[in-house]
Amino acid sequence: MCTGRVDLSFIFHAFRKGADGVIIGGCWPGECHYVTEGNYDALGNLHLARKLLGLVGVDPERIRLEWIAASEGSRFAEVMSDFVSTVDGLGPLGLPGAEDLDRRLEAAERVIPFLKLVEREKLRVPERSEAAYNELFASEEVDRLFRDLVAEKLLTSQILALLRLGPRAAGEIAESLGLSPAEVSAGLGASSRQGLVTYDVERSCYALA
Amino acid sequence: MAACTPRTHEPLFRDTLREGGINQYFFDMANIREHCSWVHSKQAEEATQKAKDIVRMSVARTVGLEPLQEFDLPMTKVALVVGGGLAGMTCALSIANQGFEVHLLERDKELGGMARRLRTTLDGLDVQGFLRDLVRQVYRHPAVHVAHGATITDVSGYVGSFATTVRYEAGLKVIEHGVTVLATGADEHRPTEHLYGEHDRVMTQLELEARLADGDDGVAASSSLVMIQCVGCRTQERTYCARVCCSQAVKNALTLKQRSPDMNVYVLFRDMRTYGYREDAYRKAADRGVVFVRFEQGGEPQVEPQAGGDGLSVSVMDPILGARLLLEADHVVLSAAVVPSAGSQELARLFKVSSNPDGFFQEAHVKLRPVDFAADGVFLCGINHYPKHIPEALSQAHGAAGRAVSLLAQDTVTASGSVCEGREQACVSCGACITACAYGAISFHDTPVGKKAVVNPVLCKGDGLCCAKCPTDAIRLKHFTNEEVLDQIDAALAGP
Numbered sequence: 016m017c018t019g020r021v022d023l024s025f026i027f028h029a030f031r032k033g034a035d036g037v038i039i040g041g042c043w044p045g046e047c048h049y050v051t052e053g054n055y056d057a058l059g060n061l062h063l064a065r066k067l068l069g070l071v072g073v074d075p076e077r078i079r080l081e082w083i084a085a086s087e088g089s090r091f092a093e094v095m096s097d098f099v100s101t102v103d104g105l106g107p108l109g110l111p112g113a114e115d116l117d118r119r120l121e122a123a124e125r126v127i128p129f130l131k132l133v134e135r136e137k138l139r140v141p142e143r144s145e146a147a148y149n150e151l152f153a154s155e156e157v158d159r160l161f162r163d164l165v166a167e168k169l170l171t172s173q174i175l176a177l178l179r180l181g182p183r184a185a186g187e188i189a190e191s192l193g194l195s196p197a198e199v200s201a202g203l204g205a206s207s208r209q210g211l212v213t214y215d216v217e218r219s220c221y222a223l224a
Numbered sequence: 162m163a164a165c166t167p168r169t170h171e172p173l174f175r176d177t178l179r180e181g182g183i184n185q186y187f188f189d190m191a192n193i194r195e196h197c198s199w200v201h202s203k204q205a206e207e208a209t210q211k212a213k214d215i216v217r218m219s220v221a222r223t224v225g226l227e228p229l230q231e232f233d234l235p236m237t238k239v240a241l242v243v244g245g246g247l248a249g250m251t252c253a254l255s256i257a258n259q260g261f262e263v264h265l266l267e268r269d270k271e272l273g274g275m276a277r278r279l280r281t282t283l284d285g286l287d288v289q290g291f292l293r294d295l296v297r298q299v300y301r302h303p304a305v306h307v308a309h310g311a312t313i314t315d316v317s318g319y320v321g322s323f324a325t326t327v328r329y330e331a332g333l334k335v336i337e338h339g340v341t342v343l344a345t346g347a348d349e350h351r352p353t354e355h356l357y358g359e360h361d362r363v364m365t366q367l368e369l370e371a372r373l374a375d376g377d378d379g380v381a382a383s384s385s386l387v388m389i390q391c392v393g394c395r396t397q398e399r400t401y402c403a404r405v406c407c408s409q410a411v412k413n414a415l416t417l418k419q420r421s422p423d424m425n426v427y428v429l430f431r432d433m434r435t436y437g438y439r440e441d442a443y444r445k446a447a448d449r450g451v452v453f454v455r456f457e458q459g460g461e462p463q464v465e466p467q468a469g470g471d472g473l474s475v476s477v478m479d480p481i482l483g484a485r486l487l488l489e490a491d492h493v494v495l496s497a498a499v500v501p502s503a504g505s506q507e508l509a510r511l512f513k514v515s516s517n518p519d520g521f522f523q524e525a526h527v528k529l530r531p532v533d534f535a536a537d538g539v540f541l542c543g544i545n546h547y548p549k550h551i552p553e554a555l556s557q558a559h560g561a562a563g564r565a566v567s568l569l570a571q572d573t574v575t576a577s578g579s580v581c582e583g584r585e586q587a588c589v590s591c592g593a594c595i596t597a598c599a600y601g602a603i604s605f606h607d608t609p610v611g612k613k614a615v616v617n618p619v620l621c622k623g624d625g626l627c628c629a630k631c632p633t634d635a636i637r638l639k640h641f642t643n644e645e646v647l648d649q650i651d652a653a654l655a656g657p
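One line per chain: the protein sequences are A and B, in this order. Using the numbering used here, you'd call the opening residue of the first sequence number 16 and step up by one each time. Using the numbering used here, you'd call the opening residue of the second sequence number 162 and step up by one each time.
Don't take every hint at face value.
No more than 25 angstroms apart at the CA atoms, straight line, and that leaves these computed lysine-lysine pairs for DSS-like [claimed, not checked]:
1. B:K203 / B:K213
2. A:K32 / B:K613
3. B:K213 / A:K137
For each label pair, taking beta carbons as the anchor points, the in silico distance ranges come out as [stated by the list, open to error]:
4. A:S86 / B:D269: 34 to 40 angstroms
5. B:Q458 / A:G72: 46 to 52 angstroms
6. A:E145 / B:Q259: 54 to 60 angstroms
7. A:Y214 / B:L229: 49 to 55 angstroms
No lab work stands behind these hints: they were computed from the structure. Glycine included, every Cβ here is placed at the ideal spot set by N, Cα and C.
Chain A on its own, in the form it takes in the complex (with noise of 0.2 angstroms):
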């Protein structure tokens, strides 16, 4: 098993399981043991899993990947330390309002099959580079990107666990998500064309479809 192996899922797992942080040890660029250089995808990973943490108001300081090899014991314990003064230093994640957070992270776990398709038809690095990873991920193409088309998604999904609770009227929705009622108006707009939500006139709120 390789460090690319790490699925984004994995990730807002653990967070929505109540871990504060979470950290990937991988091999260092340019020396994998086989051809493979999966290194590469989990820092590929770790920019996604930052910018959807980001979309969904968690610090992405929270995650964070390290090369360590296996003989860099003393280093392995230095990034695990300093992790840790880093993530205690943002406190406990989703306190208060922590059955929020979990909407929220739940929301962004269901966008992550939609995101690894996005990532394969739009985001292609063109070269098995740390720097080439990292300037792609900086870009404001992939800003654009994740505006367009990942944050649109991810309303739709913020609207959906939601009303998995229940019914709720479209200002219920607005204030609980913390969004203006124009963004909600569209996510709602959207959702209903997809056939996702239904709009019940007599009791004048959206339901799952």
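Starting from the structure of chain A, add chain B where the hints point.
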């Protein structure tokens, strides 16, 4: 099992299970040694808590374990040895003497590799005599087939049944073999510094050795000769130590002192690494009057043409004296680094084996699998691994032959059951897994409902990259399934 290291003990317990008639993949080992007791020996209480966490995670994973089937692959009882230097020939002969066919590929027109340029060892043994004898044995052995002028153009297959396409003097052929040994050697770095190639009295240690052996008295008649160590290595660009050049310099210095006891021989060094009993030769050289002068990185010697003479002037900062020494030299000899041979990266790509950042081949584990590559059925020996003295290369060649024969002696090889499998119903034919797989183990096959990804378990190495790319969980890595990992995460975070 919560106990000692899985690295050595897991196979043992798996064997025991198998002997007892239980599928070995029902086994999991909580590594409370390396992952806990060894690193937290001074924090007994917390370590015990952590050990409990580790055991709980292991138990959680065990719940989901499934019995897995391993594969028996047929073994083609033929070896391919790439590289016809001392290591390659020794390895090929060792395999052939144990009763197996060997194809030995040499890039040059002649066998011998780097050894053709070495005349004696530090102990005074005759390298050329040894080489001639070895070459004769290789040519006379009925089971060793030599191809000269050979380059590999394509490699397919896997342990037990490789098919390698070779272009050689007589044309093109495909060799079917069960195991591969890479003994591709290394090159002497061609210096760009110290007037090498510009001044005819600047040469490398190998060139000096050849001139001394061929009776070129011009060098031996010098009144002063300066050797410079670590040329082209232990630098920013090439950080490693080339290991053999210190002994090489001492060997040549001793020969010079023997021929011309009055000659001034200087060795400018950063650290002398005449390791093991070679230290005796270093002392002997010092006793015979060879002057060793240390220099530090940043204070490299400067070589200039001698003003008004045919020789050279070498100036070097001596950190002990705290002064710059000026040496007049009739000849300057550079201990040039050993560098990976041209084409070794291409070979690494073809055989899917790894190299270290310096470009030398990298073994699967420095202690536990020292002559194996991580890729099954591919082994290494000689100086393609790192610079070595002849006895070290020969020992390693026998080691690689032993590992190769341990596979050749079997009728089948067993491939791991921990490989990926596709789930057709869930596959959406996006092809992400196919792109992710460096081993070409996944391909589409046509079904009535469209193309679906299927895994060839024989090629799969179980790295699981494909799983992390699949948007629909349509591909699963057996023995490390999503469910098993998620259960472990749950257990880790559940607390005591």
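Here is what the structure says about each hint:
no. : hint                                : in the structure
1   : B:K203 / B:K213                     : 17 angstroms, holds
2   : A:K32 / B:K613                      : 34 angstroms, violated
3   : B:K213 / A:K137                     : 44 angstroms, violated
4   : A:S86 / B:D269: 34 to 40 angstroms  : 37 angstroms, holds
5   : B:Q458 / A:G72: 46 to 52 angstroms  : 51 angstroms, holds
6   : A:E145 / B:Q259: 54 to 60 angstroms : 46 angstroms, violated
7   : A:Y214 / B:L229: 49 to 55 angstroms : 50 angstroms, holds
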